[in-house]
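Asks: Listed here are the chains, written in short residue letters.
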Amino acid sequence: TQLLEQSPQFLSIQEGENLTVYCNSSSVFSSLQWYRQEPGEGPVLLVTVVTGGEVKKLKRLTFQFGDARKDSSLHITAAQPGDTGLYLCAGGSNYKLTFGKGTLLTVNP
Amino acid sequence: NAGVTQTPKFQVLKTGQSMTLQCAQDMNHNSMYWYRQDPGMGLRLIYYSASEGTTDKGEVPNGYNVSRLNKREFSLRLESAAPSQTSVYFCASSEASVPSNQPQHFGDGTRLSIL
Chain A
1 TQLLEQSPQF LSIQEGENLT VYCNSSSVFS SLQWYRQEPG EGPVLLVTVV
51 TGGEVKKLKR LTFQFGDARK DSSLHITAAQ PGDTGLYLCA GGSNYKLTFG
101 KGTLLTVNP
Chain B
1 NAGVTQTPKF QVLKTGQSMT LQCAQDMNHN SMYWYRQDPG MGLRLIYYSA
51 SEGTTDKGEV PNGYNVSRLN KREFSLRLES AAPSQTSVYF CASSEASVPS
101 NQPQHFGDGT RLSIL
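Quick mapping for you: the protein sequence lines, in order, are chains A and B.
Here our numbering is used: position 42 in the first sequence is 42, and no number is missing along the way.
Here our numbering is used: position 41 in the second sequence is 41, and no number is missing along the way.
Honestly, the hints are just simulated from the structure, not real lab data.
Using N, Cα and C, we set each Cβ at its ideal position, and we do this for glycine too.
A few of these clues could be false.
Straight line, CA to CA, 20 Å or less: simulated SDA-like cross-link-like pairs of lysine to any residue [what the hints assert, rightly or not]:
#1 B:Lys9 x B:Thr86
#2 B:Lys9 x A:Gln37
#3 B:Lys57 x A:Gln2
#4 A:Lys57 x A:Glu17
#5 B:Lys71 x B:Asp56
#6 B:Lys71 x A:Tyr95
#7 B:Lys9 x A:Glu41
#8 B:Lys57 x A:Leu3
#9 A:Lys56 x A:Thr20
#10 B:Lys57 x A:Tyr95
#11 B:Lys9 x A:Val44
#12 B:Lys9 x A:Gly40
#13 A:Lys70 x A:Ser26
#14 B:Lys57 x A:Asn94
#15 A:Lys70 x A:Val47
#16 B:Lys57 x A:Ser93
#17 B:Lys9 x A:Pro39
#18 A:Lys59 x A:Gly82
#19 A:Lys70 x B:Gly42
#20 A:Lys59 x A:Pro81
#21 A:Lys57 x A:Asn18
#22 B:Lys9 x A:Glu38
#23 A:Lys56 x A:His75
Just the calculated beta-carbon pair ranges, DEER-fashion [as the list claims (entries may be wrong)]:
#24 B:Gln22 x A:Val44: 20 to 28 Å
#25 A:Glu17 x B:Asn28: 36 to 44 Å
#26 B:Thr54 x A:Ser30: 19 to 27 Å
Turn these sequences into a full structure, and let the hints guide you.
Replies: As structure tokens, then:
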């Protein structure tokens, strides 16, 4: 069974601060996806990384895939209240995704 | 664009009752999935259908059955509901069966309570 561990589980910060969320596994994945979920809604894809060492930027969000394709990180610069939500990483293998338990981020004004 | 539509949005059942959760996608996707989301447990795969006409068990299939009715529709059935099945259920779809680098598109969930 492939497992993805996310840390921290909860994160509460002030507007303007920077933060990093981690996603780690002992398994190799063909891809690593990051989703954000808001209350009462389904997860929405933020980014997919497929190459070891790959870095992708989405405005203030920076995603990195580990060289060995076993881990990933999400860095948010100058967090805003609109960034509040549950951030989920998911590892892809064949036609399935294995999800981490998520990081619940709260950005206070 | 509707994307992935789940019905109903909320449901309360008594222990032992049965019900079917419906899911339809309008993106012509090949693969469809059913997940449950519980506090502290994340999203866990119940069943999936890699392509029309096929279904396979995921991580937590016990107590559930599925039907891939056609390419658009994938239903989840609880034959005899138990309180442990109280959860939020999400349906998702994906364009490609293999490999899994394609994003999954989720519905807004069905919130199911079993008393």
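Asks: Work down the list of hints and note, for each, if the structure agrees.
Replies: Hint check:
1. Between lysine 9 (chain B) and threonine 86 (chain B) the CA atoms are separated by roughly 14 Å; this keeps the pair inside 20 Å, and the hint holds.
2. The suggested pairing of lysine 9 (chain B) with glutamine 37 (chain A) holds, with an alpha-carbon distance near 17 Å, which does not exceed 20 Å.
3. Among the hinted pairs, lysine 57 (chain B) with glutamine 2 (chain A) is consistent with the structure: their alpha-carbon atoms are about 15 Å apart, no more than 20 Å.
4. With a CA separation close to 18 Å, the supplied pair lysine 57 (chain A) and glutamate 17 (chain A) stays within the 20 Å bound.
5. Only pairs whose Cα atoms come within 20 Å are accepted, and lysine 71 (chain B) paired with aspartate 56 (chain B) is accepted, the gap being roughly 15 Å.
6. Proposed proximity of lysine 71 (chain B) and tyrosine 95 (chain A) is supported: the alpha carbons are some 16 Å apart, at most 20 Å.
7. A threshold of 20 Å between alpha carbons decides the hint, and for lysine 9 (chain B) with glutamate 41 (chain A) the separation of about 11 Å falls inside it, so the pair holds.
8. Between lysine 57 (chain B) and leucine 3 (chain A) the alpha-carbon distance is near 17 Å, which keeps this suggested pair within the 20 Å criterion.
9. With a C-alpha separation of about 14 Å, the suggested pair lysine 56 (chain A) and threonine 20 (chain A) falls inside the 20 Å cut-off, and the hint holds.
10. With a C-alpha separation of about 13 Å, the suggested pair lysine 57 (chain B) and tyrosine 95 (chain A) falls inside the 20 Å cut-off, and the hint holds.
11. Our distance criterion of 20 Å between C-alpha atoms is met by lysine 9 (chain B) and valine 44 (chain A), whose separation comes to about 18 Å.
12. Simply put, lysine 9 (chain B) and glycine 40 (chain A) have alpha-carbon atoms about 10 Å apart, close enough for the 20 Å limit, and the pair holds.
13. For a cut-off of 20 Å, the pair hint linking lysine 70 (chain A) to serine 26 (chain A) stands: about 6 Å separates their Cα positions.
14. Of the pairs offered as hints, the one joining lysine 57 (chain B) and asparagine 94 (chain A) holds, with about 14 Å between alpha carbons and a cut-off of 20 Å not exceeded.
15. About 16 Å separates the Cα atoms of lysine 70 (chain A) and valine 47 (chain A), which keeps this hinted pair within 20 Å; it holds.
16. Of the pairs offered as hints, the one joining lysine 57 (chain B) and serine 93 (chain A) holds, with about 15 Å between alpha carbons and a cut-off of 20 Å not exceeded.
17. Between lysine 9 (chain B) and proline 39 (chain A) the CA atoms are separated by roughly 14 Å; this keeps the pair inside 20 Å, and the hint holds.
18. Taking the CA atoms of lysine 59 (chain A) and glycine 82 (chain A), the gap is near 13 Å; set against the 20 Å cutoff, the hint holds.
19. Annotation: proposed proximity of lysine 70 (chain A) to glycine 42 (chain B) holds, straight-line Cα distance about 19 Å (limit 20 Å).
20. Under the criterion of a C-alpha separation no larger than 20 Å, the hint pairing lysine 59 (chain A) with proline 81 (chain A) is consistent with the structure, at around 15 Å.
21. Distance hint between lysine 57 (chain A) and asparagine 18 (chain A) is fulfilled; the C-alpha atoms sit about 15 Å from each other, no more than 20 Å.
22. Using a Cα cut-off of 20 Å, the hinted pair lysine 9 (chain B) and glutamate 38 (chain A) holds, with the two alpha carbons roughly 16 Å apart.
23. For the suggested pair lysine 56 (chain A) and histidine 75 (chain A), the alpha carbons sit about 11 Å apart, so the restraint of at most 20 Å is met.
24. Glutamine 22 (chain B) and valine 44 (chain A) have their C-beta atoms about 21 Å apart, which keeps the hinted 20 to 28 Å range intact.
25. Between glutamate 17 (chain A) and asparagine 28 (chain B) the beta carbon distance is about 42 Å. The supplied range of 36 to 44 Å therefore holds.
26. At about 20 Å, the beta-carbon gap between threonine 54 (chain B) and serine 30 (chain A) stays in the expected band of 19 to 27 Å.
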